[in-house]
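Asks: Sequence:
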Amino acid sequence: MVSRISELVLNCADPELLAGFWCGVLGYVELDREDGAIEIGPPDAGFGGLQPTIILSPSSNPRTGRLPLHIDVNPVDRDQDAELERLLALGARPADVGQTGDEQWHVLADPEGNEFCLLRRRLDP
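In terms of UniProt numbering, the sequence shown opens at residue 1 and continues consecutively.
Since the hints were made in silico from the structure, they are not lab data. Built from N, CA and C at the ideal position, the CB exists for glycine as well. Errors might be hidden in some of the hints.
Claimed, not checked - Ranges of calculated distance between the beta carbons of each label pair, as one might list FRET restraints:
no., residue 1, residue 2, range
1, E34, R122, 32 to 40 Å
2, H70, G101, 18 to 26 Å
3, E30, G113, 19 to 27 Å
4, S60, R120, 35 to 43 Å
5, D79, R33, 19 to 27 Å
6, E34, D81, 36 to 44 Å
7, E7, R78, 26 to 34 Å
Let's have the full structure, built from the sequences with the hints guiding it.
Replies: This is how it looks when you write it as structure tokens:
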């Protein structure tokens, strides 16, 4: 037997803001609300599907910036430059973690400052 990642939990100051942002980034929908937390996930599978859901959990003191775990995303229906423009329009902003400028990815931060990377390779939807 093996395990599989079913949920990722992100402590945050504003679950509503981040749920909207990450739904826009990933094409997820809201699945559930409980005790101020919002769970988002793929519209066709929800919890238990192949992709993990994300729980945005309210915290009065969330960690931001360089987290021990960060999320990488890949475009599925456009090239990296077009996806970068789309993510910036959703509220992402460039983040500096000491890049040289030769990387094939972009380091971004979500509206609360949590860093994530936009990779170059296009994936199947």
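Asks: All the hints need checking, so say for each whether the structure fits it.
Replies: Tested hints:
no. : hint                    : result
1   : E34 to R122: 32 to 40 Å : holds (35 Å)
2   : H70 to G101: 18 to 26 Å : holds (20 Å)
3   : E30 to G113: 19 to 27 Å : holds (22 Å)
4   : S60 to R120: 35 to 43 Å : holds (37 Å)
5   : D79 to R33: 19 to 27 Å  : violated (35 Å)
6   : E34 to D81: 36 to 44 Å  : holds (38 Å)
7   : E7 to R78: 26 to 34 Å   : holds (28 Å)
The structure fails to meet hint 5 from the earlier list, while all remaining hints are met.
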